[in-house]
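**Student:** One letter stands for each residue in the lines below.
4 protein chains.
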Amino acid sequence: MTRKTGRQFFSNPGPTNIPDSVLRAMNRATIDFNDPEFVEVYNSSVRSLKALLHMAEPGSELFFYTASGHGAWEATLVNLLSPGDTVLVLESGYFSEGWAGMAEKLGLVAQTVQADWRRGIDPAAVEAALRADAAGRIKAVLAVHNETASGMAMSMPAIRQAMDAAGHGALLLADTISSLGSIPFRMDDWGIDAVVGGSQKGLMLPTGFSFTAVSAKAVAAHAQARLPRSYFDWAEMAKRSHRSFVGTIPVGHFYGLQESLRLIELEGIDAVIARHHRLAEATRRAVRAWSGNAGPQLYGLDPARLSDSVTAVLMPDGHSADAVRKTAMDRFNVSLGGGLGKLNGTVFRIGHLGDLNEPMILGTLAAVEMSLRINGVPHGRGGVDAAMDYLAA
Amino acid sequence: MTRKTGRQFFSNPGPTNIPDSVLRAMNRATIDFNDPEFVEVYNSSVRSLKALLHMAEPGSELFFYTASGHGAWEATLVNLLSPGDTVLVLESGYFSEGWAGMAEKLGLVAQTVQADWRRGIDPAAVEAALRADAAGRIKAVLAVHNETASGMAMSMPAIRQAMDAAGHGALLLADTISSLGSIPFRMDDWGIDAVVGGSQKGLMLPTGFSFTAVSAKAVAAHAQARLPRSYFDWAEMAKRSHRSFVGTIPVGHFYGLQESLRLIELEGIDAVIARHHRLAEATRRAVRAWSGNAGPQLYGLDPARLSDSVTAVLMPDGHSADAVRKTAMDRFNVSLGGGLGKLNGTVFRIGHLGDLNEPMILGTLAAVEMSLRINGVPHGRGGVDAAMDYLAA
Amino acid sequence: MTRKTGRQFFSNPGPTNIPDSVLRAMNRATIDFNDPEFVEVYNSSVRSLKALLHMAEPGSELFFYTASGHGAWEATLVNLLSPGDTVLVLESGYFSEGWAGMAEKLGLVAQTVQADWRRGIDPAAVEAALRADAAGRIKAVLAVHNETASGMAMSMPAIRQAMDAAGHGALLLADTISSLGSIPFRMDDWGIDAVVGGSQKGLMLPTGFSFTAVSAKAVAAHAQARLPRSYFDWAEMAKRSHRSFVGTIPVGHFYGLQESLRLIELEGIDAVIARHHRLAEATRRAVRAWSGNAGPQLYGLDPARLSDSVTAVLMPDGHSADAVRKTAMDRFNVSLGGGLGKLNGTVFRIGHLGDLNEPMILGTLAAVEMSLRINGVPHGRGGVDAAMDYLAA
Amino acid sequence: MTRKTGRQFFSNPGPTNIPDSVLRAMNRATIDFNDPEFVEVYNSSVRSLKALLHMAEPGSELFFYTASGHGAWEATLVNLLSPGDTVLVLESGYFSEGWAGMAEKLGLVAQTVQADWRRGIDPAAVEAALRADAAGRIKAVLAVHNETASGMAMSMPAIRQAMDAAGHGALLLADTISSLGSIPFRMDDWGIDAVVGGSQKGLMLPTGFSFTAVSAKAVAAHAQARLPRSYFDWAEMAKRSHRSFVGTIPVGHFYGLQESLRLIELEGIDAVIARHHRLAEATRRAVRAWSGNAGPQLYGLDPARLSDSVTAVLMPDGHSADAVRKTAMDRFNVSLGGGLGKLNGTVFRIGHLGDLNEPMILGTLAAVEMSLRINGVPHGRGGVDAAMDYLAA
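Residue numbers (this note's numbering), protein chains in the order written: chain A, 696 to 1088; chain B, 696 to 1088; chain C, 696 to 1088; chain D, 696 to 1088.
Hints are computed from structural coordinates only; laboratory data are not their basis. Heads up, some of the hints might be wrong.
Heads up, the list lumps identical chains together, so a pair's fine if it works in one copy or across two of them.
[Said to hold, decoys possible] DSSO-like, lysine-lysine: derived pairs with alpha carbons at most 27 Å apart: (1) K1021 with K934; (2) K699 with K1021; (3) K1037 with K800; (4) K912 with K699; (5) K800 with K699; (6) K1021 with K1037; (7) K912 with K934; (8) K745 with K800.
Every value quoted in this text rests on a predicted model; they were computed, and no experiment measured them.
All chains should be modelled from the sequences, with the hints used to inform the complete structure.
**Tutor:** Put into structure tokens, the structure is as follows:
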């Protein structure tokens, strides 16, 4: 195998770059999870994570799992719902499809509010679907705050408003796996009942734990929920001293979490969000420059909804996204995200979340621009220049 | 907080010591799990792990999860069984209780073959229970190969023999979480249909993934199993290129796994097993010395069944195991395992599995002996001497 | 302090980027330098380093020091020369000045062949100086193969030829601190008597050891040399089992050296050299683009001598190199080298040696281009584009 | 090669165990030594090190070198003395011999006050030697505070007193390489003019830097000193912004130093010293137990002078220290120090300094006791028991 030199530019939208200091914090011998030293690390991580979630409601709970984000979604569904319950899934892309499929497999009925993946959901359609549910069969609304596959974000306040307008009492479950720590998120203010999050995106950690933040209303719903559960059972967790996890705890990840949250607090969450916006906008300007000459274009069509954590790029007809990705990797050591599900081969994705700065995104954009050229993909020149013009302003 | 100096002696029976080279291997930037470099690491880890399991049957499968051992047990049950199925749980201690409870929560019926925790199961009782199941309600037998809580191992061949003698077709599910890589284990030869394992014991890794090794017979049973499942669904996994995991993969753990399996292969599994036995026997000789003068004694009463990965020590009446543990930790920076469930406070446990050598176990035993003295626990002197006599022989 | 996000782009010409795998290799507990495990690591490192030096002459020696490159120069002088000896220093820039000054401080006479730093030495002048030394006072010629301060390399074969043409028997001492592992170097073929090298440049290690590779002729000269020495005394080292070091050995660095040499061998030294040339040429094309519109220009004026490991950039009059560097650092987390000695403030330097790839150098060039703009430095646009055009060709 | 399992017990008296958090702190990408982040780390390290030295005299200086302790001794001599100067070396063992030899090689005259290595120096003999120097030829007294080779410490106040009593103005140079951070040391109070220290003993770092702390009187002497010097020249260093180092700075080591000094401050230097005494005393009690039955004995004969950082053990006639060391290493993964110089083969040494706790030293002592037995060395039993009795008291 030939050696790839230098540091890989990991421009996938998740898992994401891990800051060196987080790797350092995790690089440690085992510790008993009941050791007071660990309990302090754990408790301080929980406090900081709640602050990041803007979660302070009395009676709310935060449950962790040794699991990926998919596990946290399963945990959320089995703890809140009963066999045969209907959930209203707001279509956003590959992941909303996935959660609908998961709900069905777990014995729920998934009703979908359809949407064009390139435009995103219409809150009025959500309101209409809820109004139509006179019988109250819908027990929960499932929304993906930031759809990694399409590079589009959804306004959670607008969804909340639609639910309130419909006067419907369903729980609002939001997937913040690829948004938390990157774009604004406010659990309490937005009236979200269950927030599903993971370690490996904006929290800048390796895959290893995921969690659900649960409102007091959802805690009450949990008491009535009858889907079978054990590994993910919140009631079981609530009996344990850490009030989380069934089984052993991935202690190293909490040393990492403490550090990643310290980094976010040191920079300031507002600055973090502003930086994500700045680097995302630079990326979009590059793509718009490339889109000239019948080149690749932004997958998302509604500028107001373009995600600040990932940009999905749609290839011109007849050109392979994976060929571009392969060139970027093999020749320039840059890892781009591929198209998911039905977007496979026609879309590639540039992650710009987590531990990132200007030269990192510019190096990535330069690799993309060169890879387009090398693959003979028609495109407007000057993408990197456009990004630089914006970033130097 | 006062500083604990030196390296902590982590003498818990799990999670266990992580070799420095494993920590180093895991201390790395993120990589895409579809990157060919990672795929090579992944595939080589799978090959080595199958070799360690002595698992080569055609049609068998190995499924991984981002989860702890509890998650792997849930995965195993939901993939193999249907609502209302009966499982026969062989009582061994705290963990067999746990799996019985889990089965009930998931909608199964758990029938238990009772046993004295200090003596272990009687295979004849297993055979009898199976013979009594004329209706064939029992679909699976659940056995904990090595019961971490009691420090007792169970003969899996004896269980297999009992099942064969009864002519019962139930699946045999074995928990090797605290045995694999420490004491002999042979999946194919012993006719085990599903092996549940985790990363954080004999594999010497942090908590982070767990797995089920599945026989061809169990693969067939899976096709009929109707318990709801999604995150742990083997059918879903089988569609993916890694044939494991739903969702993102904890890539760093596989760099660690590759290294820990390399270490085991370098030492040789027979040498690893012999070393575990040697250090375990040294520990038992120390405990037997202490047991003089009405001191603490080995919890397990059947010498043939004492575990080579953990020793459970029963305190004399009126003396607290946790006081001894606290002294060991606060004064000597030695972390001992506590008593689980009904053994809480009366038992402490010395882990001697994984990355361990003679001075490590002797340092631990010395700390225990001093802690007994400091706490005024009656005991025979010379425990460390007895261990040294054995180890120097 | 505000947090700098993402990985710093360390574009200094030394110390240089350390590959992650080298950091990992060094991240280990202490080992006795007489431990057979270490001796194996040490010996394999020595073998690989000799191969990289193209050093195979019988009777030659390789001596290591716990010291930086300055220490290795002192070691080389005190082991080869006697009080009052004359050394002929070939002027190349800041570092040739430094070695001349060092020679004087150690009791030698330093005679300098002057040269324009922007054009480099004239071999004919070297030949003339040696021919003029009828008395044979000159005992050694001191040449800096790659002058980090000016970004100019010197043809060592041309110097060797000049010495041969003059028929002068002086030793040829070459400084390869910033060239070895980046541009071609052949000790034996080029007739070099002492090669001075260090850990922290092309060998991609932290500062910590340096070395002299000594020809058989120089070994003989050492026997006659009378400058006082102890810490750096080769005779003392030759008595020790490692034939290097007076005092303790920095063991961790040799684990790192073994790994960095493994990386070089894996890539292949020819590929390493070609990569350095490619990234250097991309950098020069960027600078040439900027030089339009009375902008910054390449400091070196002889294109044939421009270094492939570092590019020195001369600012237009009235503009501060340090202001550009400060912007690159504060706003873009890019560390550039400053001007050394008389070049301070008017020159900045872009290191492009060691563990580097295309997006890394492009990210750096983008940061420089933006920093020029932000500081109102006149310059031609399109530097990054020019580099991309070259790299995508 | 067979695998050594578990963590090696590194019981050498230097280099020493490196705390995991120090390794972590050093495991980082390169940083420019002029980067403000590094300057802060550097300055805080200097402040803490001065505090540890009890060094606060106005006009005093602290100079660092990329070098081992031998380099720091050379630096100290060449900066303070002139060719032909006489130094008075106080014999303590292998290292005092070494410094005398170094002085001679550098062009000084070394006059030795002889002493029995097993009993240590007689301060009256020092006073006598100085009184005899009516001509004032002696410019400096060289004392090894803690002689690692013999396991004996010297009372620096007693030496100071002897010098004062003689009314002699020589400089007092003290080697604290193996004492600082382990046993009490007070530069100002004890009137020491130059303190030579290194990174790899009580400071718990890898080999990589060493230093001299210089009193105001010695700073004045430096101005007159005429030994040739360049790499170690304090005058050159004083011109640089860090006031230390000629050439590049080993930045990683200062991240490590900051951490190791933080650990010492967290524990408290008095507690550190008390811990060293406790673990040393336990070691001595073990050796005294072994010395029964014509077994090995403490090399040092004056109990008041036995070092708290290292214990030298003298083998009974006809038994090899190295055979014991080899067994300890090959069979128990315990690294012991060998006998230095004339003690080679007859003495082994147990380091008990730096990052150490009770079970670590007890594990080491157990390995030694078993290795004595395995090698058929006569010895009294119960060494570990004696140490435990003391430590549990």
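**Student:** Indicate, hint by hint, whether the structure satisfies it.
**Tutor:** Consistency of the hints with the structure:
1. Taking the shortest Cα distances, K1021 and K934 sit within 27 Å of each other only across copies (23 Å), while inside one copy they are farther apart (49 Å).
2. For a Cα distance limit of 27 Å, the shortest separation of K699 from K1021 inside one copy, 13 Å, qualifies, whereas the shortest one across copies, 31 Å, does not.
3. Taking the closest pair of Cα atoms, K1037 and K800 come within 27 Å of each other only inside a single copy of the chain (21 Å); across copies the shortest separation is 37 Å, beyond that limit.
4. In this homomeric assembly, K912 and K699 never come within 27 Å of each other (Cα to Cα): the closest approach is 51 Å inside a single copy and 40 Å across copies.
5. In this assembly of identical chains, K800 and K699 lie within 27 Å of each other by CA distance neither inside one copy nor across copies; the values are 42 Å within and 45 Å between.
6. Taking the shortest Cα distances, K1021 and K1037 sit within 27 Å of each other inside one copy (19 Å), while across copies they are farther apart (47 Å).
7. Taking the shortest alpha-carbon separations for K912 and K934, only the intra-copy value of 20 Å comes in at or below 27 Å, while the best inter-copy value is 38 Å.
8. Taking the shortest alpha-carbon separations for K745 and K800, neither the intra-copy value of 31 Å nor the inter-copy value of 30 Å comes in at or below 27 Å.
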